[in-house]
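Turn these sequences into a full structure, and let the hints steer you where they fit.
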Amino acid sequence: MKFFSCVHQFKFTWDQVAGCYWNRYPNPNSTHVLSEDVISRHIGKDGCLYSTRLVTKTNSLPKWGEKFVPGGTKHVHVIEESIINPKKKTMITYTKNIGLTKVMSIEERCEYCPSESNPAQTECQKSAWIDSGLPAVGFAISNFGYQRFKRNAAKASEGFEFVLNTFYGVTPEATARSAASKAVMLKKEKFKETAEKAKDLAKSKAAAVLVTKA
Amino acid sequence: MESISPECQGLKEKYDKCFNAWFRDKFLKGSRHDSCAPLLKSYQQCVKKALKEQGIKLWEGHETLGTDKEKRPPKNG
Numbered sequence: 001m002k003f004f005s006c007v008h009q010f011k012f013t014w015d016q017v018a019g020c021y022w023n024r025y026p027n028p029n030s031t032h033v034l035s036e037d038v039i040s041r042h043i044g045k046d047g048c049l050y051s052t053r054l055v056t057k058t059n060s061l062p063k064w065g066e067k068f069v070p071g072g073t074k075h076v077h078v079i080e081e082s083i084i085n086p087k088k089k090t091m092i093t094y095t096k097n098i099g100l101t102k103v104m105s106i107e108e109r110c111e112y113c114p115s116e117s118n119p120a121q122t123e124c125q126k127s128a129w130i131d132s133g134l135p136a137v138g139f140a141i142s143n144f145g146y147q148r149f150k151r152n153a154a155k156a157s158e159g160f161e162f163v164l165n166t167f168y169g170v171t172p173e174a175t176a177r178s179a180a181s182k183a184v185m186l187k188k189e190k191f192k193e194t195a196e197k198a199k200d201l202a203k204s205k206a207a208a209v210l211v212t213k214a
Numbered sequence: 001m002e003s004i005s006p007e008c009q010g011l012k013e014k015y016d017k018c019f020n021a022w023f024r025d026k027f028l029k030g031s032r033h034d035s036c037a038p039l040l041k042s043y044q045q046c047v048k049k050a051l052k053e054q055g056i057k058l059w060e061g062h063e064t065l066g067t068d069k070e071k072r073p074p075k076n077g
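Sequence lines, in order, name chains A and B. The first sequence begins at 1 in UniProt numbering and counts up by one. The second sequence begins at 1 in UniProt numbering and counts up by one.
No wet-lab data here; the hints were simulated from the structure. None of these values were measured; they are calculated from a predicted model. All residues carry an ideal CB built from backbone N, CA and C; glycine is no exception. It is possible that part of the hints are untrue.
[Claimed, not checked] Here are the computed distance ranges between Cβ atoms for each label pair: (1) A/Asn118 <-> B/Gly55: 41 to 49 Å; (2) B/Asp68 <-> A/Gly169: 40 to 48 Å; (3) A/Glu158 <-> B/Lys41: 33 to 41 Å; (4) A/Ile43 <-> B/Lys71: 24 to 32 Å; (5) B/Lys29 <-> A/Lys63: 45 to 53 Å; (6) B/Ile56 <-> A/Asn118: 41 to 49 Å; (7) B/Lys71 <-> A/Ser117: 24 to 32 Å; (8) B/Lys57 <-> A/Pro28: 28 to 36 Å; (9) A/Lys155 <-> B/Gly30: 32 to 40 Å; (10) A/Arg148 <-> B/Glu13: 25 to 33 Å.
Spelled out as structure tokens, the structure:
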């Protein structure tokens, strides 16, 4: 069993992140997600929202791993459970594949809460457990799964961030960034303008020279 | 986003639209009345039928979150 964990800070409030969670697909980094459906949903006595969704993803095993997949299954079903506590502002999501678990099982737990250092932002603590029940090659497969998960964890957060930006517009930080780049653009344009003026001046001077010469 | 079955797409879109607005404007602001429940019911029935046709058994017994099966990250310190 391999264990992976990371923390991602979203530059959006917890309400924005939770509100957008259900719309995080599609995004430029989610081409592997084929479908998503709500299986069950209810509000518990504790006031929390309990949801279970079924997500279908493409199954991308390396060539050497494909022979362990019965019938060469091209996609894998994933169950995504979540509990959202609007009072405490916590959202826990738990995702696991329900097909091909003997070949490779991935369980992912994410906990979203307002960041302690900056309550206007949201922290996501992501943990994942990757395992394979296959004899002999199990270690290689879980190692492959671990490396892939590690590579894709940042991409998944970036994809979510992309959707947040689309929904809620740019963050103050992004505005500052874009203002800075606008200033650079203006400077560049000014420079271009000056350069053009200099060119015109040179041209007119050259023309004047030509006129005098003629 | 697509539904697992094209037949349920229309129902899914109607429900999702209702849910998204309810979730942001009502649930997160303290309301506990799920006004999208009737739409969810017809959408769920469609998905349930589609899963049966596709041989996907998952309607019950897959709960992990909040049960003993839920894995927890090791606590720091």
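Discussion item. Taking the earlier hints as the rules, which of them does this structure contradict?
Written reply: Hints that this structure does not satisfy do not exist here, as all of them hold.
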